[in-house]
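Now for the letters of each chain:
Number of protein chains: 2
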Amino acid sequence: MKLRYIPLGGLGEVGRNMWALEWDDQVLVVDSGLMFPREDMPGVDLVIPDISYLLRKDKKVLGIVLTHGHEDHIGALPFVLKRLNVPVYGSRLTLGLVKPKLKEHRILREADLREVRMGDRFQLGPFRVELIAVCHSIPDAAALAIKTPAGVVVYTGDFKLDDDPPWGRPTDLARLAQIGREGVLLLLSDSTNAEREGHSGSERDLIEPFGRIFRDAPSRIVVASFASNIHRIQQLITLAEEFERRVVVAGRSLQTNVKTAQELGFLRVPQGMMVPLKQVDSVTPARLLLLMAGSQGEPMSSLSRYANRSHPATVVREGDWVVISATPIPGNETLVNRTINNLYKHGGEVFYSTTAKVHVSGHAYRDEIKVMLETVKPRFFIPVHGEYRQLLHNSRIALAGGIRKENLRIVEDGQVVLLTPESIELGEQVPAGYVFVDGLGIGDVEQVVLRDRTQLAADGMVIVTIGLDRSSGELRSGPELISRGFMEEAYSAEVLEEARRAVVADLARFQGEPEPALVRETAHDAVQRVIWRRTKRQPMVIPMLTDW
Amino acid sequence: MKLRYIPLGGLGEVGRNMWALEWDDQVLVVDSGLMFPREDMPGVDLVIPDISYLLRKDKKVLGIVLTHGHEDHIGALPFVLKRLNVPVYGSRLTLGLVKPKLKEHRILREADLREVRMGDRFQLGPFRVELIAVCHSIPDAAALAIKTPAGVVVYTGDFKLDDDPPWGRPTDLARLAQIGREGVLLLLSDSTNAEREGHSGSERDLIEPFGRIFRDAPSRIVVASFASNIHRIQQLITLAEEFERRVVVAGRSLQTNVKTAQELGFLRVPQGMMVPLKQVDSVTPARLLLLMAGSQGEPMSSLSRYANRSHPATVVREGDWVVISATPIPGNETLVNRTINNLYKHGGEVFYSTTAKVHVSGHAYRDEIKVMLETVKPRFFIPVHGEYRQLLHNSRIALAGGIRKENLRIVEDGQVVLLTPESIELGEQVPAGYVFVDGLGIGDVEQVVLRDRTQLAADGMVIVTIGLDRSSGELRSGPELISRGFMEEAYSAEVLEEARRAVVADLARFQGEPEPALVRETAHDAVQRVIWRRTKRQPMVIPMLTDW
Numbered sequence: 000m001k002l003r004y005i006p007l008g009g010l011g012e013v014g015r016n017m018w019a020l021e022w023d024d025q026v027l028v029v030d031s032g033l034m035f036p037r038e039d040m041p042g043v044d045l046v047i048p049d050i051s052y053l054l055r056k057d058k059k060v061l062g063i064v065l066t067h068g069h070e071d072h073i074g075a076l077p078f079v080l081k082r083l084n085v086p087v088y089g090s091r092l093t094l095g096l097v098k099p100k101l102k103e104h105r106i107l108r109e110a111d112l113r114e115v116r117m118g119d120r121f122q123l124g125p126f127r128v129e130l131i132a133v134c135h136s137i138p139d140a141a142a143l144a145i146k147t148p149a150g151v152v153v154y155t156g157d158f159k160l161d162d163d164p165p166w167g168r169p170t171d172l173a174r175l176a177q178i179g180r181e182g183v184l185l186l187l188s189d190s191t192n193a194e195r196e197g198h199s200g201s202e203r204d205l206i207e208p209f210g211r212i213f214r215d216a217p218s219r220i221v222v223a224s225f226a227s228n229i230h231r232i233q234q235l236i237t238l239a240e241e242f243e244r245r246v247v248v249a250g251r252s253l254q255t256n257v258k259t260a261q262e263l264g265f266l267r268v269p270q271g272m273m274v275p276l277k278q279v280d281s282v283t284p285a286r287l288l289l290l291m292a293g294s295q296g297e298p299m300s301s302l303s304r305y306a307n308r309s310h311p312a313t314v315v316r317e318g319d320w321v322v323i324s325a326t327p328i329p330g331n332e333t334l335v336n337r338t339i340n341n342l343y344k345h346g347g348e349v350f351y352s353t354t355a356k357v358h359v360s361g362h363a364y365r366d367e368i369k370v371m372l373e374t375v376k377p378r379f380f381i382p383v384h385g386e387y388r389q390l391l392h393n394s395r396i397a398l399a400g401g402i403r404k405e406n407l408r409i410v411e412d413g414q415v416v417l418l419t420p421e422s423i424e425l426g427e428q429v430p431a432g433y434v435f436v437d438g439l440g441i442g443d444v445e446q447v448v449l450r451d452r453t454q455l456a457a458d459g460m461v462i463v464t465i466g467l468d469r470s471s472g473e474l475r476s477g478p479e480l481i482s483r484g485f486m487e488e489a490y491s492a493e494v495l496e497e498a499r500r501a502v503v504a505d506l507a508r509f510q511g512e513p514e515p516a517l518v519r520e521t522a523h524d525a526v527q528r529v530i531w532r533r534t535k536r537q538p539m540v541i542p543m544l545t546d547w
Numbered sequence: 000m001k002l003r004y005i006p007l008g009g010l011g012e013v014g015r016n017m018w019a020l021e022w023d024d025q026v027l028v029v030d031s032g033l034m035f036p037r038e039d040m041p042g043v044d045l046v047i048p049d050i051s052y053l054l055r056k057d058k059k060v061l062g063i064v065l066t067h068g069h070e071d072h073i074g075a076l077p078f079v080l081k082r083l084n085v086p087v088y089g090s091r092l093t094l095g096l097v098k099p100k101l102k103e104h105r106i107l108r109e110a111d112l113r114e115v116r117m118g119d120r121f122q123l124g125p126f127r128v129e130l131i132a133v134c135h136s137i138p139d140a141a142a143l144a145i146k147t148p149a150g151v152v153v154y155t156g157d158f159k160l161d162d163d164p165p166w167g168r169p170t171d172l173a174r175l176a177q178i179g180r181e182g183v184l185l186l187l188s189d190s191t192n193a194e195r196e197g198h199s200g201s202e203r204d205l206i207e208p209f210g211r212i213f214r215d216a217p218s219r220i221v222v223a224s225f226a227s228n229i230h231r232i233q234q235l236i237t238l239a240e241e242f243e244r245r246v247v248v249a250g251r252s253l254q255t256n257v258k259t260a261q262e263l264g265f266l267r268v269p270q271g272m273m274v275p276l277k278q279v280d281s282v283t284p285a286r287l288l289l290l291m292a293g294s295q296g297e298p299m300s301s302l303s304r305y306a307n308r309s310h311p312a313t314v315v316r317e318g319d320w321v322v323i324s325a326t327p328i329p330g331n332e333t334l335v336n337r338t339i340n341n342l343y344k345h346g347g348e349v350f351y352s353t354t355a356k357v358h359v360s361g362h363a364y365r366d367e368i369k370v371m372l373e374t375v376k377p378r379f380f381i382p383v384h385g386e387y388r389q390l391l392h393n394s395r396i397a398l399a400g401g402i403r404k405e406n407l408r409i410v411e412d413g414q415v416v417l418l419t420p421e422s423i424e425l426g427e428q429v430p431a432g433y434v435f436v437d438g439l440g441i442g443d444v445e446q447v448v449l450r451d452r453t454q455l456a457a458d459g460m461v462i463v464t465i466g467l468d469r470s471s472g473e474l475r476s477g478p479e480l481i482s483r484g485f486m487e488e489a490y491s492a493e494v495l496e497e498a499r500r501a502v503v504a505d506l507a508r509f510q511g512e513p514e515p516a517l518v519r520e521t522a523h524d525a526v527q528r529v530i531w532r533r534t535k536r537q538p539m540v541i542p543m544l545t546d547w
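Residue numbers (numbering that gives the first Met the number 0), protein chains in the order written: chain A, 0 to 547; chain B, 0 to 547.
Extracted from the complex, chain A is given alone in its bound form:
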């Protein structure tokens, strides 16, 4: 029998991380992440993995193991559990971040959440799973060592190496080395920063620059960071304590995470330091630290609304020092830039990645990836968690580190890999496409709808209503044309009138009883032809036929 590795997301494209190991039709699932929609997915709220493979009747899903609490690893869990209510295993904080999501989806009560600690081992069918502490931009993150009948599979999770992090634990290289010595069949290794030379740096590198900001800021300090970066938030709260500033938290995700992290002991906030958002303006400016969500410039986030002066609680003022403690994710640059422009325009001083050292990455750079590889010493290697370019660069690190070419596979979502203690080979392709979440709908938006939305966005639409006598073919009402998203009304009237006359003329050629489909097509073509000639645009033309 062969061990099956099944990537369901996160390979060849970032986000919606999810994969599975299968032995004898028994399946262990790791992570259930979501992806935020790309620009070619208009109107889509979230993108989740396709789990139809897991729902097959011949498969027995034993449980889902979560590595850490980032959206791209846990965000799809509510949607998955609704269709596949299996036990969920994760660390204390990870489950703490999962719970509010399940509650929002009203499935917390039915969910079977099982907390595991770093170092714990538990058996799931043929799999023995161990969580190993890793350092990442969220506390309580884990790598996994999974003992299978074919050998041990190690998944790095999202990780970096930091020997002496100011908060939280370092990556447990000692344990990984021990597992490595005992023999590892396969390493699945985080590729996010495989293009980047050197080392990702330490949270410790930020103590000095943040300290300087706290020392010198003349008025309010505002910091936007990822809502789940609890260590960063701890650093800021510690500085606030030292410099005697009160702390206000703005943004729902940040408030939820701060509360959860405090309750679970991952964040220490001195008594009486927190001030509710509503009372933000009662704090002396030079005594205030305002923590905000929105480091990616998301238009509805606290930071964006604070920056464009539309936030109900407080807005940017002359003298505020604002730190954007994150790097823009590709695609978000223009949103972040817009936020920075707004902050400057209204008199804020801004610290951001182009001009100041205010962020370090949570993902290993090349040197760290090398150390992980040398520590785990796997027989086979699959780069995971990245776009193709990142997977490729990670595979090159592995090749340079002594992995033989035939022992390495770069695969993309849905490509099954088969393993025995001595061999690695490609299996079949399984479904691993996108499932779109739009409003309450899951999977009811697919390619046809997106194609229509894209066309509607580009040139708008024109509706042609026609009332035809069913027996004589005589025009009884219309054609009437109206448009939306096409041209401003002052300009469209003439074009639409010409199109209307073209429809009348073309319909006049029919004799006797008209075929509705042909009438619709004729009207459609006449309108499209006139509009293209006059404007070189292609709005969606929709003929509506009424029978008299």
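None of these hints come from the bench; they were simulated from the model.
Small disclaimer: the values here were computed from a predicted structure and weren't measured.
Be aware that a few hints might be false.
Put simply, identical chains are the same to the list, so a pair is met inside one copy or across any two.
[To be verified] Mimicking DSS-like on lysine-lysine, the simulated pairs with C-alpha atoms at most 25 Å apart in a straight line are:
1. 98 with 535
2. 102 with 56
3. 81 with 535
Starting from the known structure of chain A, arrange chain B on it as the hints suggest.
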């Protein structure tokens, strides 16, 4: 009388550079650039400056002076000249790049293009204009010194400092220093890289890395760069000559520019080196350099199509070495990343800004901006060409360089600035908004159309057709509902049927002769209500009423 500086574009936002000086209602215009649409301008092809101020009856526009041939400085010229046919002044290459555009718009014959050389001075009404050579990422680029009755205005244009560029001229600091010594009233200074410490580097820095690529490439070399970066292209052609590779050019813009630059003596291509694109596969792979447009990952560009294997002439193959010799403009990162992924997937080796030194910027970094300031020694200072954050950083460089705070203004598009030899102050606001070009239309797409397009893109639309008897109010046909871009048909049927029943029920409440507007509103609200409750989506709902 006061000298009026009128920014019509390029301040507070990148692109569509255009500004004017005015004395006694006589106006000198500088540049006529376009901007590529932002993601919140769906379906818009181009964004050009609003020139309604220049079209005012009391203004006499003397001419347009162009600084260099980049789209963001010349791209709107055809649209401007159609409404304002005044003489256009520019350097040889700049006008050479303008001509094909005017030809395409069929206005080349009427256009009054006047070539000027670096160092030439010419009088336009009260203005005496001199072009001064600057180094930039396009040859034959100029700064301007404009002698006005109030004093001399110096515009840096887009510039960098490179004492010894391998091709083209260095920035003429000697002449700028001389003008500086004679006294400069106002400096308008390029802010693009004002956030960046140090120096932008030299085209010379690329000789070594490009040389290594040519030395080591086992098969075809493909380089994508900006189509107007003639010096970069010259460097590559020189290397191709040295390493005995033939050259093929792919991409219309690149082909046009290479042809123009050759004809005008800005690009030297050895006889017999060029091979037509159609014959690209007849060249031995190790003897080929393929120059391509599309360094920003534009989906229809040669590079994108070569990378996703849809280009009709040639596609990426195992062993191709591909250089993306540009940095992604903010907003284009995901497109560029997609292209890189495709290249790697199909076996290409890729060199890009994250992993290799294959590009230097054409815009001055902080140290160069400082040198320009110290050379020109202006009394007043206005940072130009940049988003607000960049303007602000440039103004800080000026403050640090000795410009007094009251002698400096950060202004945005449309904000007139008034100058005398002794004073600078803000004047009124003039129109300087967006004008959108969509297909053949100019200005017929504005906020209403964009808002509709945005809504259509997000959730699609639902059309409700109703035939009502005008006198009795009786329903004679429909309601019939159809949707586009809303939900896949298999899912929408049930929701639309429920909405239809809601319309029938709500209309049944009317008695007697119905008011059409009220019928429409009732149908609209019933459909919207049901859809929101069932899906939490807000498609555009369009009621169409037919009278019987």
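Right, here's what the structure says about each hint:
1. In this homomeric assembly, residue 98 and residue 535 come within 25 Å of each other (Cα to Cα) only across copies, at 23 Å, whereas the closest approach inside a single copy is 53 Å.
2. When the C-alpha separation of residue 102 and residue 56 is checked against a cutoff of 25 Å, the pair qualifies neither within a copy, at 28 Å, nor between copies, at 66 Å.
3. Proximity of residue 81 to residue 535 under the C-alpha cut-off of 25 Å is restricted to the inter-copy arrangement: shortest distance 19 Å between copies versus 47 Å within a copy.
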